[in-house]
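These protein sequence lines map, in sequence, to chains A and B.
Residue numbers for the first sequence follow our numbering, so the first one is 1 and each next one is one higher.
Residue numbers for the second sequence follow our numbering, so the first one is 1 and each next one is one higher.
The set of hints was computed from the structure by calculation and includes no laboratory data.
Because the structure is a prediction, the values reported are computed rather than measured.
Every residue, glycine too, gets a C-beta built ideally from N, C-alpha and C.
Among the hints, a few may not be true.
As the list claims (entries may be wrong) - Here are some chain A residues the structure puts well away from chain B; computed CB gaps all over 10 angstroms: (1) 61; (2) 204; (3) 229; (4) 243; (5) 259; (6) 280; (7) 310; (8) 315; (9) 367; (10) 374.
To be verified - Here are the computed distance ranges between Cβ atoms for each label pair: (11) B:170 - A:219: 47 to 57 angstroms; (12) A:4 - B:284: 51 to 61 angstroms; (13) A:140 - B:380: 56 to 66 angstroms.
There are 2 protein chains.
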Amino acid sequence: MRIVDIREVSVPLEGNIANAVVSFAEHDVSLVAVESDVIRNGRPVTGYGFDSIGRFAQGGILRARIIPRLRAADPASLLDESGLRFDPGKVYAAAMRNEKPGGHGDRAAAVGALELAIWDLNAKLADVPAHVLIARHFGRAPQSQSADVYAAGGYYYPPGSGRTLRDEFAAYRDMGFTGFKMKIGGASLARDLERIEEALGVAGSGAGLAVDANGRFGLDTALAYAEAIKGYGLRWYEEIGDPLDFDLNRRVAEVYDGPIATGENLFSLADAVNLARYGGMRPGRDIFQMDAGLSYGLTEYARMIDMLEANGFDRRSAHPHGGHLINLHIVVGLELGGCEAYPGVFQPFGGYAPSCALGGGQVRPSDAPGFGLEEKPELRNAIARLAN
Amino acid sequence: MRIVDIREVSVPLEGNIANAVVSFAEHDVSLVAVESDVIRNGRPVTGYGFDSIGRFAQGGILRARIIPRLRAADPASLLDESGLRFDPGKVYAAAMRNEKPGGHGDRAAAVGALELAIWDLNAKLADVPAHVLIARHFGRAPQSQSADVYAAGGYYYPPGSGRTLRDEFAAYRDMGFTGFKMKIGGASLARDLERIEEALGVAGSGAGLAVDANGRFGLDTALAYAEAIKGYGLRWYEEIGDPLDFDLNRRVAEVYDGPIATGENLFSLADAVNLARYGGMRPGRDIFQMDAGLSYGLTEYARMIDMLEANGFDRRSAHPHGGHLINLHIVVGLELGGCEAYPGVFQPFGGYAPSCALGGGQVRPSDAPGFGLEEKPELRNAIARLAN
């Protein structure tokens, strides 16, 4: 068994929205196809993966460095001991040949897209949903359960724009969501508190509402917000300062009793170790949001989960960033805390397929083999671009 | 005044050598040209920069993200207050529009190559060597002095290969070098100690010899080497463990009295802050090796130097990674500790121009405007590829 071809396309994200720091209008995503020489129903079994949502496609690194290394590798060196599956860890190592330690940025997304396509391919070879393959691979019992999911968004609406935060969250509630996340830091603290009150009108209580500063705050602002919001009992206070400012996170954690969530902009085990060492994260309370697609794929991500458990954190404290099918399967397969969703935006990658049951704040993967990306109508055109 | 065109080429590094972790045979470098609309002697004044040595060209990120943002920027928004120079900080900010915090890897090199070309362009517009422009920009008195330089290399030679480490270092000594750096960690500790003894035969004393583990060691090996080499009084013990394993660095620093050097694989101010906070680095003793070309350019690098000074470190504790003309000008302009050189390898970028006086362990920039890359014969073909 061998890889016959690896293809990639850059797919622009649709939707023109802004968080506190960046506009997503120019963001795109690398979608990767790994075609095997196994033929079923007259077609080669092919795995698809992508590098998650919210940063950039990595076609340059994939074409210049990663794909040529996989093409040059001995095909047998990429298989597991059975010879019936590709070994994601060996593929990861081959993709990283001659890369230096450190510098976990764009490269981590390029490798992530490829490595996740291997998981999709293996699940299709085994004819099981990816979450079943993932559970078995890591020695866990496959789950049939749903994952907790919450609706993220909570954008800024200028007064008189004809739409409100309350309207936005009410629409999510009508879709079946019971938890919500909103942006903060794009307006004054006083205005953000008004918006939190408005959102609580839909969420019902703080337990159903998280707030996300998108890494915007310096220490003084971080502490001022912490003091101002502490009475709401919010679900969590997310990405308060620069993702590498572990000291800021620690200092907020020392005075803010509610849960803190962070990690979506850490792209390696080494960075996640430093968050656990220096960030003041509290077992049983705080939330880790690292994302396999931006972090070299599931092999590296699973090492992060092992590291968290070794440091006293429960795997249910992991809520991966990026609301999409790949992370749904990872959450169910590894029995993590839950998923996010960004209803209506970040298409064609964001959200779930119609065959995934959504309701009561839960989402359930379908029985499609692999990640089931082919079941998502919005992805049809992008996948068609990868046809041989 | 405006930028008329930005061009980039990927230039392979020549030389087939291996450090403890990676082969450099496949590494390449992005060389960037920024052409202005200022015409002198019938030709547009053009700045050149590159992203240093030892990692990869970043043509994909430059073409997909960085160069389009500069093209889209209002030309006046890229000038300093005088209107006579481009503002490197504004160029840096424009290059990073819509980029998220964190993930300081390949992107940092792409931006670095471009931002350094702006410094070369500004120096040519002012008709001064880049080190003079750099000194003035940061409010320092321009220096005419040389910089300390040492010869790095110290590779592994199989017995019977017909060449030895002693031969290699003797050749560097004959070129005018008085300080040397060798690889460790590619053989057993016992074998590396023999090699250190062999190198000391040329270096004369430990003060002239540094050892570089290239981030290879885990804690046990790091401590075993520290114990074994402590009696030599070596110049420094470099990049002992993973560049992000600040705790390992701290634990070695607690027991190893000699200088420790690290930082070449940290690519942002945020990462350098964490090294200063958590790495156990000792003011007056340890060495920082961050490299502007891999770290968003000189604007970000100068912020790192300010940060080091604010934390009690002397700017002479900075010895940038990457032995080449750009870092020579930065070292002289900012009065840093010194440069490295890799004689004979990493061509066409490595080393200095014939017009740079080298001798007595010192190297002096020439009077050419800018970084003087045009004076380096090995670079002629690469620069010619960037001609309009």
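* List in ascending order the numbers of the hints, as given earlier, that are violated by the structure. => 1 and 4
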